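K.L.:
Using the sequences and the accompanying hints, generate a full structural model.
Protein chains in written order, with this note's numbering: chain X, 9 to 310; chain D, 9 to 310.
None of these hints come from the bench; they were simulated from the model. Just so it is clear, the structure is predicted and the values come from calculations on it, not from any experiment. All residues carry an ideal CB built from backbone N, CA and C; glycine is no exception. There may be inaccurate statements among the hints.
As the list claims (entries may be wrong) - If you want the footprint, here are the derived chain X segments under chain D, 3+ residues with CB under 8 Å:
#: 1; region: 187-199
#: 2; region: 210-217
#: 3; region: 224-233
#: 4; region: 267-274
What the hints assert, rightly or not - Distance condition first, Cα-Cα at most 20 Å in a straight line; then the derived SDA-like pairs of lysine to any residue:
#: 5; chain 1: X; residue 1: Lys-197; chain 2: D; residue 2: Gln-232
#: 6; chain 1: X; residue 1: Lys-197; chain 2: D; residue 2: Asn-155
#: 7; chain 1: X; residue 1: Lys-193; chain 2: D; residue 2: Leu-230
#: 8; chain 1: X; residue 1: Lys-49; chain 2: X; residue 2: Ile-65
#: 9; chain 1: X; residue 1: Lys-84; chain 2: X; residue 2: Gly-21
#: 10; chain 1: D; residue 1: Lys-193; chain 2: X; residue 2: Phe-235
#: 11; chain 1: X; residue 1: Lys-49; chain 2: X; residue 2: Met-143
2 protein chains.
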Amino acid sequence: MSLVVVGSVAYDGIETPYGKRERILGGACTYIALAASFFAKVKIVGVVGEDFAADDIAWLEDQGVDVTGLDRVPGKTFFWQGVYSPDMNERTTLRTELNVFADFQPRLPEAYRSQPYLMLGNIQPGLQSSVRSQMQAPRLTGGDTMNFWIDGHRDELLAAIAHWDFLMINDSEARLLSGEWNLRKAAEKIMAMGPKTLIIKRGEYGAILFRPDGHFIVPGYLLQDVFDPTGAGDCFAGGFMGYLAGLGMDGDLPRAALRRAVIYGSVMGSFCCEAFGPERFRTLTRSEIDHRYAELRDITDF
Amino acid sequence: MSLVVVGSVAYDGIETPYGKRERILGGACTYIALAASFFAKVKIVGVVGEDFAADDIAWLEDQGVDVTGLDRVPGKTFFWQGVYSPDMNERTTLRTELNVFADFQPRLPEAYRSQPYLMLGNIQPGLQSSVRSQMQAPRLTGGDTMNFWIDGHRDELLAAIAHWDFLMINDSEARLLSGEWNLRKAAEKIMAMGPKTLIIKRGEYGAILFRPDGHFIVPGYLLQDVFDPTGAGDCFAGGFMGYLAGLGMDGDLPRAALRRAVIYGSVMGSFCCEAFGPERFRTLTRSEIDHRYAELRDITDF
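P.N.:
Okay, structure coming up:
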């Protein structure tokens, strides 16, 4: 019973006020998989080039991530380079080299197709639909998207999310998708598009989970130092889906479990910011995760 | 046992995407007093001109607010006019006419001086100190300030807040006052300036209460319609101080009571946004307040 994760696997060049890394493991699939691996078995689908380091494969495997679906093809791995503003609330992309990712056509290995859980990272919505249709009967499907697809591939995106259980996007994406500024009104419109659960990620301000029968809202964990916010949203998705997959959830989702999943998502997003790229996950332990979960409960309880 | 509230009493001209009001009751003192009046007895100190409407005096008195300290002097009442951006996250001031407020020298009536609770709205910090020194022995003093005083009257401000129990400011003010971007670091520096309790207001994102032994964080209540955010921060302060005053608190503040005070502050700030100016308080009931308190608990509980 694994969580299948699809998305980009990349190298990133990142500069924040805390420092600079020329080349560090990145990509939505990577972040989701690493975060989820603390809760559930994970199988990834992605593509990398000949330059992809054996050490990085080993890192994923050490975390229990099945890399059978990670294609290695001639060419170079997707590379992204960006720099954050002094307050880290904005980032500027300096370079995007799609490389082998430009022709990514995800094909699921046979052993993946019968798995119950699927998380579709932010890729072209037609590819997200193709992946889902290769699965036999996923119990729970979650997915992410971005403004680029909402603006330019709206019909394909609507066709894709119609079949998702969870849509995880940020507030500006929710506003663009729904045409509503108010998040409660935006959520109503989006849930009518298919996903019965909408999670709106608000960065440092936390997250909101919307369901037709109400919503749940959690503030962000206050870090002393945010070294690098890259991947935090994907780690939220990984923690959320990984936690539910680890419980062996079927389509019937108790309110309490969904809320706990949001908290684990927030916790994983917060850890992600504590080091460059996904480096924090090299040393993170389940006991640290559960400690922060308890801390979040303590600082929000009244 | 009353809460003494000092600050501006004004008329505002407000335009938001939901409509426009040419002239509506406003001012920090007004918002704080009306919000606090649902929890405690309130006595206000302020100044208005000859144009101040008898109906507005009656409104305050109907809410149980003691207006003995509201001076009526020759001239016109403070007038402010502003317009909000379409998303209501920014506002532009179109007119500020200080009028009689320019010479405001708060003098507390005799019956005010022995009261145990004091809330200093955002005015010149020297005046805030003057008011506090007119009180015999306030058990709890809270205060607000703004960038203008932090930048231009720093020494006076530091002298004032050194004696406060609560400082209630927004995140940008906390950053400016402390010179720290990170809110945990900012809070540490600010608590060392005097106030043992710092409340950082984050608008739609809620609030954080910092104490030397830890913090409490609450997300903002999600409104379906924000008609007019004017005064919401002052209503937060009014709900917070009013609740503690209503309990008859002394300097020994239990953690649970402080947290409940933050929630009541958030609740009052949220109601404030539901109509233009302080209009929502004309019909608001304590049972609606307690219902929203329970709702906030329900949507944040995990």
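K.L.:
For every hint, state whether the structure bears it out.
P.N.:
Results of checking the hints against the structure:
1. Counting residues of the region 187-199 of chain X whose beta-carbon sits less than 8 Å from any beta-carbon of chain D gives 5, enough to reach three: the coverage restraint holds.
2. With 4 residues bearing a CB less than 8 Å from a CB of chain D, the region 210-217 of chain X meets the requirement of three and the coverage assertion stands.
3. Figure legend: the region 224-233 of chain X, annotated as covered by chain D; annotation consistent (8 residues with Cβ-Cβ distances under 8 Å, at least 3 required).
4. Counting residues of the region 267-274 of chain X whose beta carbon lies closer than 8 Å to any beta carbon of chain D gives 4, which meets the minimum of three for the stated coverage.
5. With a C-alpha separation of about 13 Å, the suggested pair X/Lys-197 and D/Gln-232 falls inside the 20 Å cut-off, and the hint holds.
6. The suggested pairing of X/Lys-197 with D/Asn-155 is violated, with an alpha-carbon distance near 39 Å, which exceeds 20 Å.
7. Proximity of X/Lys-193 to D/Leu-230 is assessed by CA-CA distance (about 10 Å); at most 20 Å being required, the pair is judged to hold.
8. For a cut-off of 20 Å, the pair hint linking X/Lys-49 to X/Ile-65 stands: about 16 Å separates their Cα positions.
9. Of the pairs offered as hints, the one joining X/Lys-84 and X/Gly-21 holds, with about 15 Å between alpha carbons and a cut-off of 20 Å not exceeded.
10. A distance of roughly 15 Å separates the Cα atoms of D/Lys-193 and X/Phe-235; the hinted pair therefore holds under the 20 Å criterion.
11. Taking the CA atoms of X/Lys-49 and X/Met-143, the gap is near 17 Å; set against the 20 Å cutoff, the hint holds.
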